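Peer 1: Chain by chain, the residues run as shown.
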Amino acid sequence: MQGHIFKLLFFLGMMWHGAVTAQISAQLSMLVNSCVVCHGTNGSSVGPATPTIAGMRRFLFVTAMQDMKSGKRPSTVMGIIAQAYSNNEIELMADFFSTQKIVRYPQKFDAKKAQKGKVLYEQYCKGCHNINGRTQSLSNVIAGQWIPYLRIRLSEFRYQGASSPVMADILEYFIQNNSEDSLEELIHFYGSHQ
Amino acid sequence: MSHLTRRQFLSLAAIVGSFGYYVIKQETRKKVVIIGGGASGVIAAKYIRKSNSSIDVTLIEQNKHYYTCFMSNEVLSGMRTMQSIKYNYEHVSREYGINMLYNTAIAIDPIAKTVRLQNGDSIAYDRLIVSPGIDFKWKSLKPYDTNIIPHAWKAGTQTVILRQQLEAMKNGETAIITVPPKPFRCPTAPYERASQIAYYFKHHKPKSKVLILDANATFSKQALFFEAWQKLYGYGTDKSIIEWHNVGTVQAVNIEKKRVTMGDFEDEYTGAVLNIIPPQTAGKIAIESGLTDNSGWCPIHPKTFESRLHKEIHVIGDACMAHPMPKSAHSANSQAKICAEAVISALQEKEMAKPSYNNTCYSIAGKEFAMSVTTIYHVNNEKIQVYKNATGQSPLNASVEYRKSEVAYAYSWYNNITQDMFNSTP
Numbered sequence: 152m153q154g155h156i157f158k159l160l161f162f163l164g165m166m167w168h169g170a171v172t173a174q175i176s177a178q179l180s181m182l183v184n185s186c187v188v189c190h191g192t193n194g195s196s197v198g199p200a201t202p203t204i205a206g207m208r209r210f211l212f213v214t215a216m217q218d219m220k221s222g223k224r225p226s227t228v229m230g231i232i233a234q235a236y237s238n239n240e241i242e243l244m245a246d247f248f249s250t251q252k253i254v255r256y257p258q259k260f261d262a263k264k265a266q267k268g269k270v271l272y273e274q275y276c277k278g279c280h281n282i283n284g285r286t287q288s289l290s291n292v293i294a295g296q297w298i299p300y301l302r303i304r305l306s307e308f309r310y311q312g313a314s315s316p317v318m319a320d321i322l323e324y325f326i327q328n329n330s331e332d333s334l335e336e337l338i339h340f341y342g343s344h345q
Numbered sequence: 254m255s256h257l258t259r260r261q262f263l264s265l266a267a268i269v270g271s272f273g274y275y276v277i278k279q280e281t282r283k284k285v286v287i288i289g290g291g292a293s294g295v296i297a298a299k300y301i302r303k304s305n306s307s308i309d310v311t312l313i314e315q316n317k318h319y320y321t322c323f324m325s326n327e328v329l330s331g332m333r334t335m336q337s338i339k340y341n342y343e344h345v346s347r348e349y350g351i352n353m354l355y356n357t358a359i360a361i362d363p364i365a366k367t368v369r370l371q372n373g374d375s376i377a378y379d380r381l382i383v384s385p386g387i388d389f390k391w392k393s394l395k396p397y398d399t400n401i402i403p404h405a406w407k408a409g410t411q412t413v414i415l416r417q418q419l420e421a422m423k424n425g426e427t428a429i430i431t432v433p434p435k436p437f438r439c440p441t442a443p444y445e446r447a448s449q450i451a452y453y454f455k456h457h458k459p460k461s462k463v464l465i466l467d468a469n470a471t472f473s474k475q476a477l478f479f480e481a482w483q484k485l486y487g488y489g490t491d492k493s494i495i496e497w498h499n500v501g502t503v504q505a506v507n508i509e510k511k512r513v514t515m516g517d518f519e520d521e522y523t524g525a526v527l528n529i530i531p532p533q534t535a536g537k538i539a540i541e542s543g544l545t546d547n548s549g550w551c552p553i554h555p556k557t558f559e560s561r562l563h564k565e566i567h568v569i570g571d572a573c574m575a576h577p578m579p580k581s582a583h584s585a586n587s588q589a590k591i592c593a594e595a596v597i598s599a600l601q602e603k604e605m606a607k608p609s610y611n612n613t614c615y616s617i618a619g620k621e622f623a624m625s626v627t628t629i630y631h632v633n634n635e636k637i638q639v640y641k642n643a644t645g646q647s648p649l650n651a652s653v654e655y656r657k658s659e660v661a662y663a664y665s666w667y668n669n670i671t672q673d674m675f676n677s678t679p
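Chains A and B are the protein sequences, given in the same order. Heads up, the first sequence is in our numbering, so the first residue is 152 and it goes up one at a time. Heads up, the second sequence is in our numbering, so the first residue is 254 and it goes up one at a time.
Hints listed in this document are in silico derivations from the structure and should not be mistaken for laboratory results. These numbers were taken from a predicted model, which means no experiment stands behind them. Backbone N, C-alpha and C fix where the C-beta goes; we use that ideal spot for every residue, glycine too. There's no promise every hint is true.
Dumping the calculated BS3-like pairs for lysine-lysine here, alpha-carbon to alpha-carbon at most 30 Å [stated by the list, open to error]: (1) Lys-492/B with Lys-423/B; (2) Lys-303/B with Lys-252/A; (3) Lys-263/A with Lys-657/B; (4) Lys-657/B with Lys-641/B; (5) Lys-259/A with Lys-620/B; (6) Lys-339/B with Lys-252/A; (7) Lys-267/A with Lys-657/B; (8) Lys-492/B with Lys-510/B.
Label-pair restraints from in silico Cβ distances [unchecked claim]: (9) Arg-255/A with Glu-621/B: 25 to 35 Å; (10) Ser-375/B with Gln-345/A: 47 to 57 Å; (11) His-344/B with Gly-312/A: 38 to 48 Å; (12) Phe-210/A with Thr-678/B: 31 to 41 Å; (13) Asp-246/A with Glu-420/B: 48 to 58 Å; (14) Thr-678/B with Asp-320/A: 39 to 49 Å; (15) Ile-326/A with Ser-337/B: 34 to 44 Å; (16) His-498/B with Ile-321/A: 49 to 59 Å; (17) Lys-259/A with Arg-347/B: 27 to 37 Å; (18) Ala-421/B with Asn-239/A: 51 to 61 Å; (19) Val-653/B with Asp-320/A: 24 to 34 Å.
Part of the chain B face toward chain A, derived, beta carbon under 8 Å [stated by the list, open to error]: (20) His-583; (21) Ser-587; (22) Glu-594; (23) Ala-606; (24) Lys-607; (25) Pro-608; (26) Asn-611; (27) Tyr-640; (28) Trp-666; (29) Asn-669.
Construct all of the structure, not just a fragment, from the sequences and the given hints.
Peer 2: Shown next as structure tokens:
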């Protein structure tokens, strides 16, 4: 009998918990619904340039928002938008988007470039930005990211590198050993994953 | 019972519980009716169903196809086809279980809580959302044939007419755009339109000009547009493809001579193409239902978008007075999501989540030249206000790469917001 009472109490508790979660989720929806206008349903953008933010590393999502808020990371509109959100709200958004599955949409790419890019990928990028899954806790999945965005972001790393000195150094090293064309080949390789 | 594990018991309880809940809800399902399936109406329908599938949502829309006003200026320059801005409601209504009613709402009875349709049917609601967009204030102008003098301020046939007229122009002829007094739908669109037409002239009719005759002394993104026009279309020189003059409102239209009379001084201007953007009000149904005040727009409570004039009726999108939010597709999208949450909360008698208001607006001035304005708002003292310093425009004299990246972001904004609305592509 005692067992049944326990179960009943537990069940009621679960219902109460459900009601509370629903309230939190209304607030969370309100927040993330603002993001999806530009970043796509659940953070998977239909492109051509606004990046997919679904499946971002939680830590990197928070860093991206905070760095755009402080101006450390260059942006067009995001530096302005980020001003409106508290640390707590940014954490909530990060919780949501980091747990969303990435949906990849087809995009045009140059197959020859992508093929050449594969060799460079194996040599320079695979360690952190593996296309078959995550190997590094501090790196985002970039396979299938929008090509125009990859181009913009890499250019930011190279010329306005404050937000990631590591990437700035790596790219400098990459260009010294290769060429501008090979960077484009890498971009096509990543973009070719759909 | 004793053979069940705790997990099994909980699953069973949840199934039985939700079944009972379902049966009860079937009988007391709350009904939301939405008038108008534009940038706000269809989003409100989708987001109510997305958050709460026990609410019955009916969307009344006149047309089976929807042409977005946003990006329709690119049709005028030939950069885009009509097909690329054409959508339908099939996917979104199927995926979210929205009842589509392709009909025209002609009257609202706020006491009986019903909407009357053109076919004579009457639809009952618990909450009504009115999102009719804009209508034109013809009162101030003698009516004329808009097939000859198009406004092209609602996308569709009107856009096609204006494009055809521009194509039929001879090199050296002038196109005139008249801009009505604020507020009107999409505050930067007349200037983007002038830019897009100038782009077309530059490549196809280099001796032609666009003349903007404006009722307003200043306009949104003005400095950015001047910069774009200087860089792209020779603005400020005697060879400029664009001219802008603040000359007051349209006084008279001569349809045979393609002539407009402007302002207090009654200056006359003649062009091969006249694109008169008429003064605007909230959509007809809002006016006829007593949802508008003297201004012609609908006063609302900013946190819920419930009308200040009729209870249990909400107004969103271009028709509502949400100043300082501009009348834009992005504002409409944001308002619809807030309104959806307000309606759900009201029907469930629960506290509403803190609303989040935002707007981003891109203007494409040339093939690789766009600029943006973005703002986040909040409610303070029952008023919508800009949130601290969360507002700004593209910088002046930005690099070529920056302006080009904003074109890519503008297209991304368009693709994602239309995906949000229709769950499909054109």
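Peer 1: Just pull the numbers of the violated hints for me, sorted ascending.
Peer 2: Violated: none.
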